[in-house]
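Input sequences plus hints: build the corresponding full structure.
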Amino acid sequence: MEKFTTLTAIAAPLPMANVDTDKIIPARFLKTIRRSGLGAHLFDALRYDGEGRERPDFVLNQPPYREAKILIAYENFGCGSSREHAPWALLDFGIRAVIAPSFADIFYNNCFKNGILPITLPRDVVETLMEDTRLGANGKLTIDLERQVVIRPSGEEIHFDIDPFRKYLLLNGLDDIGQTLLHEREIAAYETRHGAEMDWLPRITL
Amino acid sequence: MQTPRTLYDKIWDAHVVTTLPDGTALLYIDRHLVHEVTSPQALEGLRVAGRRVRRPDLTIAVADHNGPTSDRRRGIDEPESRLQIETLEANVREFGVPYIPLLDDRQGIVHIIGPEQGLSLPGTTIVCGDSHTSTHGALGALAFGIGTSEVEHVLATQTLLQKRAKNMLIEVSGRLPLGTSAKDLVLTLIGKIGTAGGTGHVIEYAGEAIRALDMAGRMTVCNMSIEAGARAGLIAPDETTFAWIEGRPFAPKGEAWRRAVAQWRALASDPGAHYDKVVRLDASEVAPTVTWGTTPEAVAPITGTVPDPAEEPDPARRAQMERMLAYMGLKPGQKLAEIPIDVVFIGSCTNGRLEDLRAAAAIARGRKVKEGVRALVVPGSGLVKKAAEAEGLDRIFIEAGFEWREPGCSMCLGMNPDKLTPGQRSASTSNRNFEGRQGPGGRTHLVSPAMAAAAAIAGRLTDVREFL
Ligand code: SF4
Chain A
18 MEKFTTLTAI
28 AAPLPMANVD
38 TDKIIPARFL
48 KTIRRSGLGA
58 HLFDALRYDG
68 EGRERPDFVL
78 NQPPYREAKI
88 LIAYENFGCG
98 SSREHAPWAL
108 LDFGIRAVIA
118 PSFADIFYNN
128 CFKNGILPIT
138 LPRDVVETLM
148 EDTRLGANGK
158 LTIDLERQVV
168 IRPSGEEIHF
178 DIDPFRKYLL
188 LNGLDDIGQT
198 LLHEREIAAY
208 ETRHGAEMDW
218 LPRITL
Chain B
11 MQTPRTLYDK
21 IWDAHVVTTL
31 PDGTALLYID
41 RHLVHEVTSP
51 QALEGLRVAG
61 RRVRRPDLTI
71 AVADHNGPTS
81 DRRRGIDEPE
91 SRLQIETLEA
101 NVREFGVPYI
111 PLLDDRQGIV
121 HIIGPEQGLS
131 LPGTTIVCGD
141 SHTSTHGALG
151 ALAFGIGTSE
161 VEHVLATQTL
171 LQKRAKNMLI
181 EVSGRLPLGT
191 SAKDLVLTLI
201 GKIGTAGGTG
211 HVIEYAGEAI
221 RALDMAGRMT
231 VCNMSIEAGA
241 RAGLIAPDET
251 TFAWIEGRPF
261 APKGEAWRRA
271 VAQWRALASD
281 PGAHYDKVVR
291 LDASEVAPTV
301 TWGTTPEAVA
311 PITGTVPDPA
321 EEPDPARRAQ
331 MERMLAYMGL
341 KPGQKLAEIP
351 IDVVFIGSCT
361 NGRLEDLRAA
371 AAIARGRKVK
381 EGVRALVVPG
391 SGLVKKAAEA
401 EGLDRIFIEA
411 GFEWREPGCS
421 MCLGMNPDKL
431 TPGQRSASTS
441 NRNFEGRQGP
451 GGRTHLVSPA
461 MAAAAAIAGR
471 LTDVREFL
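The listed protein sequences derive, respectively, from chains A and B.
Under my numbering, the first residue of the first sequence is numbered 18, with each subsequent residue one higher.
Under my numbering, the first residue of the second sequence is numbered 11, with each subsequent residue one higher.
You may find that some hints are simply not true.
Said to hold, decoys possible - Below, in silico cross-link-like pairs of lysine-lysine (PhoX-like), each with a Cα-Cα straight-line distance of 25 Å or less:
| hint | chain 1 | residue 1 | chain 2 | residue 2 |
| --- | --- | --- | --- | --- |
| 1 | B | K429 | B | K378 |
| 2 | B | K173 | A | K20 |
| 3 | A | K48 | B | K429 |
| 4 | A | K86 | A | K20 |
| 5 | B | K176 | A | K184 |
| 6 | A | K184 | A | K20 |
| 7 | B | K173 | A | K184 |
| 8 | B | K341 | B | K380 |
| 9 | B | K202 | B | K345 |
Unchecked claim - Covered by chain B, per the in silico footprint, the following chain A stretches (three or more residues, Cβ under 8 Å):
| hint | stretch |
| --- | --- |
| 10 | 85-94 |
| 11 | 211-217 |
Said to hold, decoys possible - If the Cβ cut is set under 10 Å, some of the chain A residues that face chain B in the computed set are:
| hint | residue |
| --- | --- |
| 12 | K20 |
| 13 | T23 |
| 14 | T49 |
| 15 | R52 |
| 16 | D61 |
| 17 | R64 |
| 18 | P104 |
| 19 | L108 |
| 20 | D122 |
| 21 | F177 |
| 22 | D180 |
| 23 | R183 |
| 24 | Y185 |
| 25 | D192 |
| 26 | I204 |
Derived by calculation from the structure, the hints in this document are not laboratory data.
We put the beta carbon where it would ideally sit given N, CA and C, even for glycine.
Quick look at the structure:
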């Protein structure tokens with residue numbers, strides 16, 4: 018997984034609430050057995066018309082925002098299914114951070130597993146950042162994860178909260194499984210104890 | 011004395027392997043259900059890292075999302091769907107994971123077959139790479155959906171890194187009126203608390219109306235917890251639960267059964283346990299309900315009308331409503347019971363159980379599907395299909411002009427050939443009405459099985475009470 022330290026990039030505004038995962042990547046594109054290649058279908062219904070032509074009015078089809086690495090949206094971003102294809106599609110397009118007043122739980126978790134930083138900020142702050150994005154290429158935002166700040170084009174710094182463990186993994190590009198396997202002895206001990214307590218739980222064999 | 015604990019607290023506490031310094035818990039997983047869409051990248055990850063599946067004996071795989079619901083002995087035409095299923099089959103062989111094949115009677119939607127096989131048991135932790143894993147909470151299990159990286163994590167370690175959720179209680183008093191079902195109840199609840207109402211919480215459903223539900227109804231309610239923003243829904247196991255589980259293939263037997271039931275009885279939330287949020291609803295206020303928009307919270311009683319965005323004070327919400335009405339092709343003030351439909355879909359992990367098919371068949375019996383309407387019935391599993399056929403439900407549907415199909419997810423998400431075409435409108439017993447969910451440009455109205463059958467016959471959304 019790629020590390021996330023600092024990022025200075027164009028941010029694309031998506032002023033919508035309840036952006037669901039079907040909107041991020043429709044189900045018909047989930048028939049893949051790989052993680053890559055989904056960026057072409059990110060926001061498919063918003064980005065393309067019925068004939069597969071780009072809709073010029075959609076933000077990610079407009080020149081500066083095609084290069085966006087940050088996405089800014091309203092409440093409850095990523096609601097709906099648990100498909101990790103949603104963060105994979107964002108990542109494949111180039112998005113490394115999403116800023117919104119709130120996120121759906123599973124999507125929020127999935128972001129971290131893929132090196133995407135979801136940042137929760139109050140609605141009025143999100144509005145301000147959305148205004149900044151109107152400056153296009155002159156409105157780049159900087160995200161400094163170590164210091165937990167978003168830096169506006171004006172230089173103003175906005176603090177954000179993040180769970181320390183997730184921050185540590187993201188900063189170092191570490192995978193959770195490796196971290197968990199450090200607890201192998203505790204897992205084995207638990208299995209023995211739990212197996213005795215729930216000795217009625219059948220093993221699955223077919 | 012110990013502080014009173016909720017059902018969620020008890021299951022959580024019993025599954026914490028260790029707590030990391032920042033408070034994240036390593037939570038042990040008792041049952042891991044695997045399907046073809048969200049697992050290939052996880053197993054590829056294991057292979058690349060040279061890891062194995064730690065506990066294949068706590069894992070089970072089934073293909074459900076992609077399978078065609080026409081005759082499957084012919085194989086799968088769609089190459090990408092076929093590849094996903096073949097990949098799953100190769101993976102289960104390589105990693106030694108138990109697998110229910112596509113042509114096995116026990117095959118079906120993962121959230122239908124877990125309970126049906128007795129794999130989903132009270133007091134256990136259950137995960138699956140699918141958000142509707144919340145369904146299994148109806149049995150008093152802590153069950154939630156995970157992403158593919160987490161699927162890989164569970165396969166490798168049999169644990170998950172989790173933060174404790176908050177407790178939310180939804181207490182439903184009274185009794186559901188004639189013509190309404192668990193589906194109308196849960197749609198009404200989502201309308202009340204919103205699609206983010208349960209975010210960060212595990213919802214425990216309690217109260218007289220919940221106790222009165224059969225297991226199928228309880229599963230319908232827990233299934234849609236995710237549409238209310240909660241990752242998991244829970245109902246304390248009781249005699250209804252135990253009677254339903256006893257004798258199922260993977261349920262404990264004999265002496266083990268008695269020990270299990272004794273433990274399960276102690277799972278109910280303690281009197282005085284703390285809930286961070288409490289919502290109350292009187293079931294007698296629930297009406298046959300439909301959705302009119304592209305979010306499950308956009309609900310109204312069938313006797314109502316399409317709402318008017320002009321009356322919404324919040325500009326962002328107003329804009330969202332306008333967009334929804336434009337997508338749905340509806341006008342403010344239009345009577346819901348006058349909206350014509352093209353397709354009816356009865357099935358999915360929300361409403362694909364035998365009881366759901368019975369409710370729909372009771373309306374369909376001796377009637378005819380309106381000309382020009384395509385109506386599909388897709389049982390949730392092979393065993394549901396067989397049981398329905400043994401009762402003659404298939405005959406009732408076929409004589410009424412419904413299609414009687416093979417089990418699977420089908421038109422719930424349109425990954426197999428069962429899809430809406432652009433502009434087509436459906437009355438669907440599934441759980442999501444997002445734009446394009448049932449096919450690009452498709453328009454979905456979520457309803458109960460009885461309401462769906464009534465819509466098929468009337469050719470429009472309609473009040474099922476007129477058919478009783
Ligand atoms: S029936 Fe629908 S909601 Fe349920 S698992 Fe299948 S696709 Fe998901």
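**Prompt:** Are there hints from earlier that the structure breaks, and if so, what are their numbers?
**Reply:** 12, 13, 17, 19, 21
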